[in-house]
Amino acid sequence: MTISVNGKAIPLHPLDLTTGPDKSSQTCVGSIQAADDLLSSARIGDMILGVPFLRNVYTVLAHDVPLANGSFDTQSAQNHQPFQLRPRLGVMGLTDPGVAMDEFHTVRVLGQPLSTSGSPNGSKPPSSGGASNRGLSVGLKVLIGLVSVFALALLLFAVRFWWQRRKWNKSLAKLQLDSDDGSGAEGQSHPSGGVPLQRVQSGAADTSGLTTAQLRDLKLDEYMSRKGVHSNYAVDTSRTMVETDDRDNGEEMLVDEFGLVYFGKPGKEKKGKSSTNTLRSFPSFPDQATTVGMGIGELDEARLSRRFGLTAFPPAPPGIPETEDSSTRRGDHFRASGGSNPSESLLGSQSRSSVGWNEHPFPVVEPPLRETVGQGWREGPGMGDTMVGVGAHHHRGSSDWSNYSAQPTSTSGELPVHGVHRHLRAQSSFDHTAEDPLLPPSLHGRNDA
Amino acid sequence: MQGAPASRFLSVLLERPGSAKIPSLLGIGRHPVDQVPDPSKIHYSNIVSDGNGAMFWKISVTAITVYVDGVQKEVNTGSSSSGSPFPTAVLDTGVPVILTTSAIANGIYGALDIHPARDSNCE
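Protein chains in written order, with my numbering: chain Y, 1 to 449; chain S, 1001 to 1123.
Extracted from the complex, chain Y is given alone in its bound form (with noise of 0.2 Å):
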């Protein structure tokens, strides 16, 4: 196809006619468009020839009018007003139709390009392969390094371990060794610093009692620093209280080493007889000579005097049955939460009997606190209300307590706690009094008898 501009032919390639089809189509969009509406409007013209003509002409855009040899006059610019222009359009083909047809044959139908070397785009292709190639072999580089660092690695530890394992099997056979060598080396058959144990003789006439003393002072300790902490959560159980109970005349709740709570003056704990302490618990042995036989060991005559009241009491009567002291402080301290509640009355006779309990010969068992909460019952319409919840809350408390406290008892050969306890309530009905209902009426009871 050749488009002649002023005579002069043009022959276009047809490379420049068609644009190149894609690789999924086999059709191919001419660069011939039909423009009528653009051309039209614009005033243009006819045509525009655009890059697909542009591409087969050496264009010459020349303001002045060229010699006969192609050349122009250099003086023209001299020589004429620089306004004065004698625009000139060459042209000239450069191309050829037959090489333009071969060319057509090798890229459109046998899919080849078009030249082989020295065009930009021909040789951007092998480039971009060769900096694929660069990137893939700097990739496999980054990753024999990672491998080697983990291989050096695997390496360490390996060497490592190793080390490690020679070094125990050398400790170990050392160890063999020392074991082997006699029996007497026990310390130094522990390398490691380990204390050997010292085999203690478990018995009731041991002297090791100083360290006992010192571990139950040890246990001591964190219990009562445990309970100098105010809870939230925690409740009363049969054996532990959690609130202090603070009395008006001058006593505290008190607690012994074992945990066993009961009311004194901490000043005056020294001596039990002269004391006011209200000694309500009793240690869970049937006499004093087994009490010191079972183990307590060299505990102060102090802590003795106070925990036992030895200096007070006469020994314990076999088969007079130990309270269990916290249920038994339980009640007193839901009898100091109940107010105006007739509990008043029953603090105040418990004050009273504490006083008569240390001028008793001997020790004084508190009824159990159910006891009390159902004279309680029966004696004032008040104190149902307040204490329907609490008698049935001590109840538990009650059972705990006969099972807690029907161990020791039952070794003395003598009647079984729950036994007295039973007692104890039938003799409730008729042998207390309501001034002095925590009187126990076991003693009464048992006096008689």
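Calculated from the structure, these hints are not laboratory results. Treat the hints with care, since some could be wrong.
Computed list of lysine to aspartate or glutamate pairs in DMTMM-like fashion (alpha-carbon distance at most 20 Å, straight line) [unchecked claim]:
1) S/Lys1021 x Y/Asp102
2) S/Lys1073 x S/Asp1092
3) S/Lys1041 x Y/Asp96
4) S/Lys1041 x Y/Asp102
5) S/Lys1073 x Y/Asp73
6) Y/Lys8 x S/Asp1092
7) Y/Lys8 x Y/Asp96
8) Y/Lys8 x S/Glu1074
9) S/Lys1021 x S/Asp1038
10) Y/Lys219 x Y/Glu257
11) S/Lys1073 x S/Asp1113
12) S/Lys1021 x Y/Asp96
13) Y/Lys167 x Y/Asp178
14) Y/Lys8 x S/Asp1038
These numbers were taken from a predicted model, which means no experiment stands behind them.
The hints should help you fit chain S onto chain Y, whose structure is shown.
Same frame as chain Y, now just chain S:
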């Protein structure tokens, strides 16, 4: 102005993708020697002028010839819409295609036995 090119012209060469024969060049007052060894072969022609003066760069297309299987076929270009005896054409390096009137396009593709596509663009 001592070093300025004496000849007052600009020249344009556009390369073809995938081919290294022709580079893209813009000549100012000087022809590229490699591509244009003989400037005398450049065919110069006047540009089309109307009542307002010269139209840069509009030329007349005197003939369009299509060769189909070695057979030369002349395309009836008709006359210009502006009244000129020949169709006029504007050179534009910024247009990626050759835009023509539909009459000329139909003439060209009719000679090649190619019909317009459904979107009315010529294939």
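Evaluated hints:
Our distance criterion of 20 Å between C-alpha atoms is met by S/Lys1021 and Y/Asp102, whose separation comes to about 14 Å. At roughly 26 Å between alpha-carbon atoms, S/Lys1073 and S/Asp1092 are farther apart than 20 Å, so this suggested pair is violated. Taking the CA atoms of S/Lys1041 and Y/Asp96, the gap is near 15 Å; set against the 20 Å cutoff, the hint holds. Distance restraint check for S/Lys1041 and Y/Asp102: the Cα-Cα separation of roughly 25 Å exceeds the 20 Å cut-off, and the hinted pair is therefore not satisfied.
For the given pair, S/Lys1073 sits about 41 Å from Y/Asp73 by alpha-carbon distance, which is inconsistent with the 20 Å threshold. Between Y/Lys8 and S/Asp1092, the direct Cα distance comes to roughly 19 Å. Compliance with the 20 Å bound is thereby established for this hinted pair. Taken as a hint, the Y/Lys8 and Y/Asp96 pair is honoured in the structure, with Cα atoms around 14 Å apart against an allowance of 20 Å. For the suggested pair Y/Lys8 and S/Glu1074, the alpha carbons sit about 15 Å apart, so the restraint of at most 20 Å is met.
With a CA separation close to 17 Å, the supplied pair S/Lys1021 and S/Asp1038 stays within the 20 Å bound. A distance of roughly 7 Å separates the Cα atoms of Y/Lys219 and Y/Glu257; the hinted pair therefore holds under the 20 Å criterion. Straight-line distance between C-alpha atoms of S/Lys1073 and S/Asp1113 comes to about 12 Å, which keeps the hinted pair within the 20 Å bound. Distance restraint check for S/Lys1021 and Y/Asp96: the Cα-Cα separation of roughly 12 Å lies within the 20 Å cut-off, and the hinted pair is therefore satisfied.
Only pairs whose Cα atoms come within 20 Å are accepted, and Y/Lys167 paired with Y/Asp178 is accepted, the gap being roughly 16 Å. Annotation: proposed proximity of Y/Lys8 to S/Asp1038 holds, straight-line Cα distance about 17 Å (limit 20 Å).
Of the hints listed earlier, those the structure fails to meet are numbers 2, 4 and 5, in rising order.
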